[in-house]
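Chemist: Residue strings, one per chain:
2 protein chains.
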Amino acid sequence: MPMFHLIAFDADDTLWDNESLYVRIQDEFRQLLSSYLDPEPVQQVLDEIEQRNLHYFGYGIKSFALSMIETAIELTDGRIRGTDIRTIIGFAKRMKETPVQLLDHAADTIALLARSYELMLITKGDLLDQEAKIAGSGLADSFKYVEIVSEKDKQTYETLLARYAIIPEHFLMVGNSLRSDVLPVVAMGAQAVYIPHHTTWVHEIVQDHDEEDGSYFRLDHIGMLPALVEELTSDRLASK
Amino acid sequence: MPMFHLIAFDADDTLWDNESLYVRIQDEFRQLLSSYLDPEPVQQVLDEIEQRNLHYFGYGIKSFALSMIETAIELTDGRIRGTDIRTIIGFAKRMKETPVQLLDHAADTIALLARSYELMLITKGDLLDQEAKIAGSGLADSFKYVEIVSEKDKQTYETLLARYAIIPEHFLMVGNSLRSDVLPVVAMGAQAVYIPHHTTWVHEIVQDHDEEDGSYFRLDHIGMLPALVEELTSDRLASK
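For the record, the sequence lines run as chains A and B.
With this note's numbering applied, the first sequence covers 460 to 699.
With this note's numbering applied, the second sequence covers 460 to 699.
Everything labelled a hint here was simulated from the structure, so no lab data went into it.
Some clues are possibly wrong.
Copies of the same chain look alike in the list, so a pair counts if it fits in one copy or across any two.
To be verified - With a cut-off of at most 27 Å between alpha-carbon atoms, the simulated DSSO-like pairs for lysine-lysine come out as follows: (1) 555 <-> 613; (2) 555 <-> 603; (3) 603 <-> 552; (4) 603 <-> 613.
Owing to the predicted nature of the structure, the values given are computational and were not obtained by experimental measurement.
Hey, can you work out the whole structure from these sequences and the hints?
Modeler: This is the structure:
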């Protein structure tokens, strides 16, 4: 009898590549603006405007596109040409069409764990973006539940566990964001596995946090997860 | 014992005003473009671009804003000023901040039916927009379930009913869109109540449909719903 009744996964940058696409588009965006101005401060202004716009527009490609447009207008004092703004909207359409690129080991790990556990996908962001990526990932059939939420905080996880009648002791969350996937889960009394990704959006970075505080597990890549789950299950059984 | 185990409601223009806000902003958008061109064809081009962009951007305020920007660029051959595009982004922020305006009778009807039935909200569109409106409506506590989906077709309804283990005979859907709330529900073998709203987005209008085909109920306003539900329940009991 496994100790976990439900293993949940973050999606973007846990199962498939996401942030690096944003990074590539930001490079193109800076390039686009370089005919108007020194591109050096572009990234900082874009980060600030994205942060400011979260309240209005949330996460995802459309929000990113609107923030790029606003950044372009602000930095060029309104001189940005309509045709260049059309190019920015084209960036967003291209992002939406970009095929899902699974991370190494993700497909095998999910297939293996799905044999013994009920799996849930808990992803934050734009409904349409996320649905399209789940459909395109080839992993949809392995997940018994899919939850797309607008924010991943302690309240969100508590609501989800209540809905599925799971107690925190039986819940394990796996993801690449300390802020969204790990700390709120640990705070609720459940267990979490942190798998850092090489690229993390500035908004998701937690400052002043001791990564070695021992309240969660940390793995180098998702291929190491089945062994950890097995170990945790054996330990629990041995202690009974 | 009521015959319906679950009564589900559409949200926008069924419980609260939505489309009229889009109509007001479209008026301001045409006004904004009137310094560049004859505003007469603006609406048609905007409708076409919105339709074309559904695939990329889905429903909601951000999608609408991106389509307005694209329309402005197209109709002005790129001459639209950056400051005017900033105004369009401002439209979107203002829309997001507009308080929810419940339709007449909606609050009383929901409160009354919630005493005897489990109620579900099934709404299509942008996750963040819809969550904010549900929170701002004051009705959230009356709904046992809230489902925000990207499209409302027969498949969507079948998936939802399966998830909650409800058979179509026990399901009633109420909404203002024949296309999204009524016809797919009837096609599944459940019952539907059509409550037309004075303003309906062109995308939701069903052509070549006989509104009097008798496969669903039609009410003038939501305040008439409790009486219809009671009548249907009595008929069902009497026929047993």
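Chemist: Evaluate each hint against the coordinates.
Modeler: Verification of the supplied hints:
1. In this assembly of identical chains, the alpha carbons of residue 555 and residue 613 lie at most 27 Å apart only when taken from different copies (25 Å versus 29 Å within one copy).
2. In this assembly of identical chains, the alpha carbons of residue 555 and residue 603 lie at most 27 Å apart only when taken from the same copy (25 Å versus 33 Å across copies).
3. Taking the closest pair of Cα atoms, residue 603 and residue 552 never come within 27 Å of each other, the shortest separation being 30 Å inside a single copy and 36 Å across copies.
4. Taking CA atoms no more than 27 Å apart as the test, residue 603 paired with residue 613 passes in both settings, with 22 Å inside one copy and 21 Å between copies.
Hint compliance for this structure: hint 3 alone is broken.
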